[in-house]
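**Student:** Okay, here's what each chain looks like letter by letter:
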Amino acid sequence: MTQSAQPIDVAAVVDALHARIAQHASTNAAHTDTSAELYDVYDALHEMELTRVISAHLPIVNTTVGGRVIGLLQKVTRRLLRWYINPIVEQQNMYNDAVMRTMREIVAAYEANPRPQPPASTSPVPDTVDSHNVHTIHATLADNEPPISAHTTALLALETVRATHQTVHAHWPLPVHQPLDHVANGIHKLQRMLLRWYINPIVEQINAHNRATQRAIQLLIHYITAKRLPAKRHE
Amino acid sequence: MSSDIVTIVSTWYGAETAGGAEHAARQLALALSARGVPVEVWSTTARDLVAPTTAYYPEGTSWDAGIKVVRYAVEALAPDAQFPHYVNQFDTLMRIIRECAPSAQELRTVARLAYSSDLLRAIAQHQAGRRFLFVPYPLPSSVFGSMLAPTRSYLLPCMHDEPYAYHALTRWQMRNARTILANSASERDFIVSQYDIPAERVALTRLGIELGVTGDGARFRHHYDIHGTMLFFAGRRDASKNMPLLMLYVQEYMIRRQRMLTLVLSGRDPLTLSRYQQRFIRDIGFVDEQTKADAFAACDVFVHAGTQESFAFVLMEAWLQQRPVLVNAECAVTTAATHESGGGLSFRDFPSFATALDILLATPTLATHMGVAGRAYVLANCQWQDVAARADVAIRGNA
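Chains A and B supply the protein sequences, listed in that same order.
Under this note's numbering, the first sequence has 160 at position 160, and the numbering climbs by one with no breaks.
Under this note's numbering, the second sequence has 109 at position 109, and the numbering climbs by one with no breaks.
Keep in mind that the hints were calculated from the coordinates and are not lab data.
Treat the numbers as computed from the prediction; the structure is a model and nothing was measured.
Worth double-checking, as some hints may not be accurate.
[As the list claims (entries may be wrong)] Covered stretches of chain B (chain A as the covering partner; in silico rule of three or more C-beta atoms under 8 Å from a C-beta of chain A):
#1 148-156
#2 356-363
[As the list claims (entries may be wrong)] A short, non-exhaustive set of chain B residues, derived as facing chain A with CB atoms under 10 Å:
#3 H85
#4 Y86
#5 N88
#6 T92
#7 M94
#8 A168
#9 A239
#10 S240
#11 R257
#12 F280
#13 F347
#14 A373
By construction, the Cβ of each residue, glycine as well, lies at the ideal position given by its N, Cα and C atoms.
Kindly generate the complete structure, drawing on both the sequences and the hints.
**Tutor:** Structure follows, in structure tokens:
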């Protein structure tokens, strides 16, 4: 559980992206070599990938006789609590995975999206469009309009995924598949009651961090997108 | 010819209640009453979906625009409920649930919807001289209410292709109701094919709108200080209406065309906008009917990205103010109405969304023509007295 209280630290990635955005904003040159900055971003993403999965089952290694006894007790304790701890860790892992994928898509979308072009001087809509031919002209124009970036669409889908997983629950219904489950559930309820002073505050901290991460990611996406909007407020 | 009281059962009901189905229930009650049909409404003390189990209206009998409304106490939902335990007090319901054998997921879903045991008990005990019209179909008052009084059950389901439509309990409800009232041909076709029931048991009664409202676009733009191109949407601002997709498409359009638009949104549900989103989205919240009509009149295009509609009042309201619409081609109901009326265009993806906007914004004459065609469609199809006449035939057999 100690490790599950260390969700992904996105600050490094966010800082790197900010640096990159600042670089873009300060130079309007047609070509800027940003490969070094991009390398830093990918490096940070790689680090995220390596640390995103939390394990509730790390090896317990002891060499001394006393240590082995303690290790055995630790294993028994872990075994007795895994019904409780593992689902919490798995929930956080799902959120971490969604954050990881989001960060990758942010970078990919930023790289894939072309720099906004000045608007064409003439409208692509022909003067001849009327109620009789509008559907044909609409279809023709649509065929020539590039689709939205797959990365941009993925970011939209991931917003929902992150929202679904951002809250970790420490209290879920205990399933009953067979009569003996009632006995097990009774024991589990007692365990949960005895340990909630310990587990619930940890889960609350995780959730506070997840909420903050969720908000930071959303605002980061908005910030990056805002840079591509026209400066002029209205026509 | 029947002299039974048409008793409309709607979990949420009232002049201050938001929601398309609830609005339909109230307007139909008024129209039936105006036709001389004896009408009562049975509802709960909660207001609407925004606060589904919070008591808002007083319990007991009250009068709304001359119609008797009986409200029963809405009950709090048990957190993590796996089963709607309140059905245990009705043997009939337990038997039908055993027959239907719904999945655990389905029962969990139903258990987390607003209900009133008192309302169900009233349906079970006071059926004589009544014909119940349940609105809409997925809420416990409709699902279990129709099971408690199947021979007196009529449904205004307001249905579309969604998970609730595939519930085993819904199948029983649809197959056992006396008559189902459909808001559109697309909804009727879906119901007939989904539940394999005879087409004559589904009456195409449609819905109406208030036709006497005239919007003042200039007044709206002045009041809200809106300049330039304005897109408008009214309704829930959440995923059920595809709002994230609409925001994404509008944003992408502005980037590609390097042209700022203002997307005006109206609705009761809370909407948190970032500083960035406030650059192009304007939330006017839940407004009165006149202000909403003004907003329709003020917009260049009414955009509706939702795919789960059985009627879409807002589309008709936009057309009433002679504005063109842009709807999601994935929604059979709005797309059919748009094509039938000639009142706008539909989009399937971003390219068709962007180019439809190009056309509607670049050719004001065509946009106006579409708006006029839409208005003609509304005037021909959405008169409440016609809807009430069709519903009266469907429910009481009176021509």
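**Student:** Does F280 of chain B pass the interface hint, meaning its C-beta sits closer than 10 Å to a C-beta of chain A?
**Tutor:** OK, holds: F280 of chain B within 10 Å of chain A, min 8 Å.
**Student:** Quick one, is the F347 of chain B hint okay against chain A at 10 Å, beta carbons?
**Tutor:** 8 Å, holds
**Student:** R257 of chain B was flagged as interface toward chain A. Is the shortest Cβ-Cβ separation under 10 Å?
**Tutor:** Given a least distance of 6 Å, the restraint on R257 of chain B holds.
**Student:** Against chain A, is A168 of chain B within 10 Å by beta-carbon distance?
**Tutor:** 21 Å, violated
**Student:** Checking hints one by one. Is A239 of chain B an interface residue toward chain A, by the C-beta closer than 10 Å rule?
**Tutor:** Holds. Min distance 7 Å.
**Student:** Does T92 of chain B hold up as a contact with chain A if the rule is Cβ-Cβ below 10 Å?
**Tutor:** Hint violated; T92 of chain B Cβ to chain A Cβ min 26 Å, cut 10 Å.
**Student:** Just to be careful: measuring from the Cβ of N88 of chain B to every Cβ in chain A, is the smallest value less than 10 Å?
**Tutor:** N88 of chain B check fails; min Cβ-Cβ to chain A is 18 Å, beyond 10 Å.
**Student:** Does the interface hint hold: is Y86 of chain B within less than 10 Å of chain A, judged Cβ to Cβ?
**Tutor:** 18 Å, violated
**Student:** Does S240 of chain B pass the interface hint, meaning its C-beta sits closer than 10 Å to a C-beta of chain A?
**Tutor:** Result: violated, 12 Å to nearest chain A Cβ.
**Student:** Under 8 Å between beta-carbons, do enough residues of the region 148-156 of chain B, three at least, approach chain A for the coverage claim to hold?
**Tutor:** n = 0 at 8 Å, threshold three: violated.
**Student:** Taking 10 Å as the limit, does the beta-carbon of M94 of chain B come near enough to a beta-carbon in chain A?
**Tutor:** Violated. Min distance 19 Å.
**Student:** Quick check on A373 of chain B please, does its C-beta sit within 10 Å of some C-beta on chain A?
**Tutor:** 8 Å, holds
Violated hints, listed in ascending order, are 1, 3, 4, 5, 6, 7, 8, 10; each of the other numbered hints is respected by the structure.
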